[in-house]
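Chemist: Here is what each chain is made of, one letter per residue.
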Amino acid sequence: MRLSGRFGRFGGCYVPEILVPALEQLEGAFLDAQDDPAFAAELNALLSDYAGRPTPLTRCRNLPPNIYLKREDLLHGGAHKTNQVLGQGLLAKRMGKTRLIAETGAGQHGVATAIVGALLGFETVIYMGAEDVERQQLNVFRMQLMGATVVPVESGGRTLKDAINEALRDWSANFETTHYLLGTAAGPHPFPTMVREFQRIIGREARAQMLDKIGRLPDAVVACVGGGSNAIGLFADFIDDGGVRLIGVEAAGKGLDGVEHGATLIRGRPGILHGAETYLLQDREGQIDDTWSVSAGLDYPGVGPEHSHLKDSGRAEYVGATDDEALAAFKALAENEGILCAFESAHALAHALRLAEEEPDSVILVGLSGRGDKDVAQAQQLIGPSA
Amino acid sequence: MSRYAAMFDRLGAKREAAFGAFLMLGDPGIETCARLLDTVVEGGADMIEVGFPFSDPVADGPVIQAAGQRALAAGVKVGDCFELIAGFRRRHPNVPVGILTYANLVMARGGFARDAAEAGADSLLIADVPTLEIEPFAKQMEQAGIEPVLIAAANTPNAALARVAALSKAYTYCVSRAGITGTHSGGTFDATLPAKLRELGAPPPVFGFGISRPEHVRQAIEAGAAGVISGSAIVDCAARGGDVAALVRSLKDATRNDSSPQ
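Residue numbers (the working numbering), protein chains in the order written: chain A, 1 to 387; chain B, 388 to 649.
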C-alpha cells in the first residue's frame, strides 16, 4: 500500500490476505486517477451533465431561516450516493473490471450502483438484507429496471451488515473481474479515503455557496451518520475551518438508553469489523450487535473510521436523533418547505431544528443527503394517512 | 519442540501428510461439541482446528457461518470455547490445536492469546488480519507462546509471501483458490505455492480450502502440501447427524502415501 490508510488509530486494512492484492490494485488506480487530469475531467463532466451538479443551497423560508439545506436530494438518483458511484465506476473501467457488486441498506446505494452499471455498461449485482428488501420494495424494483440483479441476504440480522458480509464473500471469489463498489466511507483502506474524496464535492460546493450567499462560513455543519459518507463529504472542506462546528447525527432509534438504535459513535467502543478499526456497537465479548433505526441507511453497527478519529480528536461532535424526532423533522420539512427528504436526512434536520431553537443567531448548514420518495410508504404507515 | 513440529516429524517419518479437522466450538452445544472433538481424533485427525463463533464471519461460507450462529444461539461464550479447548487438552495431550477466529474477538478480550495458551491451544489464525496488520497481534502471540498462522494465497505477491514465511510458525495456511470456506468446490491445487513457501523457509504448507473428499486430499498432497484441513465437509456432516468418524477416516486414509494412485 502507498498510503497508511489510518485516521489516528482508526482505519487500516483488516481483510483476509486474499483480498489484499485487490485493495492494492484499487489504491493504485485511485491514486493514479487523482493525478490524471483526464479522469477529473471525465468525472466532472458526468457530475454536471449527467448528475446535475452543482446542487442548490436552499435557505429555509418557514422553518428557522438560519438553516441552510445542501440539496443532495436533487442530485440524479435522489441522494448524494451518485457522486461517489460515478467516481468508482470510472475507476472500475480504468482497472478493466466488467462486473460491479455492491451492498445496500435503504437501497439508495444499490440504486446508485445500478445507475452507474447501466450508464457505464457493467454487469451489476446488489446484495441487500432480506428485511431491507421487504421494507424498500420500490428501490428493489428501481434497481431491477436498470438491469441490476438484487440478491436478498437471509443470513444474520438480514440487514446492511449481512449484505456487506455477502458482498465481501463474492468479491473474495471474483475480484479479478469484479469491482466491489462499497457504498460508504467505511471498510478497508482505500475505501474510506477514496469515498471521502469522491464525496468532498458536497462540502466544497456548500462552502463556496455559503461564502457567496452570506459572505461567511456557517457556525455549524450538521449531517446524518450511518456509515458516514455524506457527513464526511460535507465535513471534509470544513475540517480546517476551526470556528465551524461539525456535528454528526446518529440514529438514536427508540432511544439511546435501550439497545434499539444505531448510535455507533455515541454508544459503541472501538473494534475491528468489515475491514477497519473503528467504533462498533458490540457486546462485551466483541460480538456485533443488531441495530435499529426507522431509516435503513442508518441501521448499521459500524461507522467510517475517519468519524471515529474526528470524535476522539474532538474536531467533530456526534449526537443522536430518535425515530420520533426524525419523523417530526421529516413532517416539518414537508409541511413548511415543500420538501420530502429521506428519513436519514431527517435525523440531521431534527438536530438542526433543536440547535436553531437554542441558538437563533447561528448559521446552520444541513446536509440534506437524499429525497424521501423511498420512505413515503413507510411514512404513511407511521404517521397515518390523515396526518 | 512444539506439538506441530513433533507431529510433522512423526508423520514425515511415515511419509504421511497431516490431516486437520475443523470444528466450530460450541456447535451445536458445548457437550456435543466436546464429543465431536474426540470423535474426529478417533477417526484419525492429526491436528484440530477450532473456530470461535463470531457474529460476522466474512471469510466463511454458509456452512461454517451457520455453525457459528448455532453456537451463539446456544449461548456459547468465548470463555466456554477456551474451556472446551482445555478439556480437549486434558484428554489429548499431544494433538495440536489451532484457533481460527476474527480480529474483533481477539481485540475485545485483553489477553486472548494468553488465555489461548493457558487453555492449551498451540496456534492462532485471525482470518481478517493480513500480514499488513499482523504486527501487534503477532507480538501478543509471541509473548503468550502461541504460534501465529498466516494465510498464503495463490495471488499473494512475493514480498508478502516472504513476510508470511517469516511470521508463520506452526504451519502456513495455503489458499489455492479465490473465495471462502465451503464444500461446494473441490480443489485445483497450485503446486507453485508450496514450492515458493518451502524456498522461503516457511513452516509446512497446509491447504485449507476445498477439501471435502479423499481425491481433494490426494490432489493437495501431490501439489506439495504437508497437510490439509477439512472444515465445511466435517461441520456439515455433523450438522446432518452423519458418521463424522467415518468421514474423517476416509480423508485421513488419503494422506497416506500408499493410498495415492500411481
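Hints should not be assumed to be uniformly reliable.
To be verified - Examples of chain A residues lying across from chain B (beta carbon under 10 Å, computed):
id : residue
1  : Ala38
2  : Phe39
3  : Glu42
4  : Phe141
5  : Gly157
6  : Asn165
Treat the hints as calculated values from the structure; they're not laboratory data.
All C-beta atoms, glycine included, are put in the ideal place defined by N, C-alpha and C.
Chemist: Hints first: check each against the structure and report whether it holds.
Modeler: Evaluated hints:
With a cut of 10 Å, the hint placing Ala38 of chain A at the interface with chain B is violated, because the nearest CB-to-CB distance is about 29 Å. Given hint, Phe39 of chain A at the interface with chain B, is violated; its Cβ is 25 Å from that chain's nearest Cβ, farther than 10 Å. Hint status for Glu42 of chain A: violated, given a least beta-carbon distance of 30 Å to chain B, over 10 Å. A least Cβ separation of about 27 Å between Phe141 of chain A and chain B goes past the 10 Å threshold, and the interface hint is therefore violated.
Hint status for Gly157 of chain A: holds, given a least beta-carbon distance of 9 Å to chain B, under 10 Å. Because the closest C-beta pair between Asn165 of chain A and chain B is about 5 Å apart, less than 10 Å, the hint holds.
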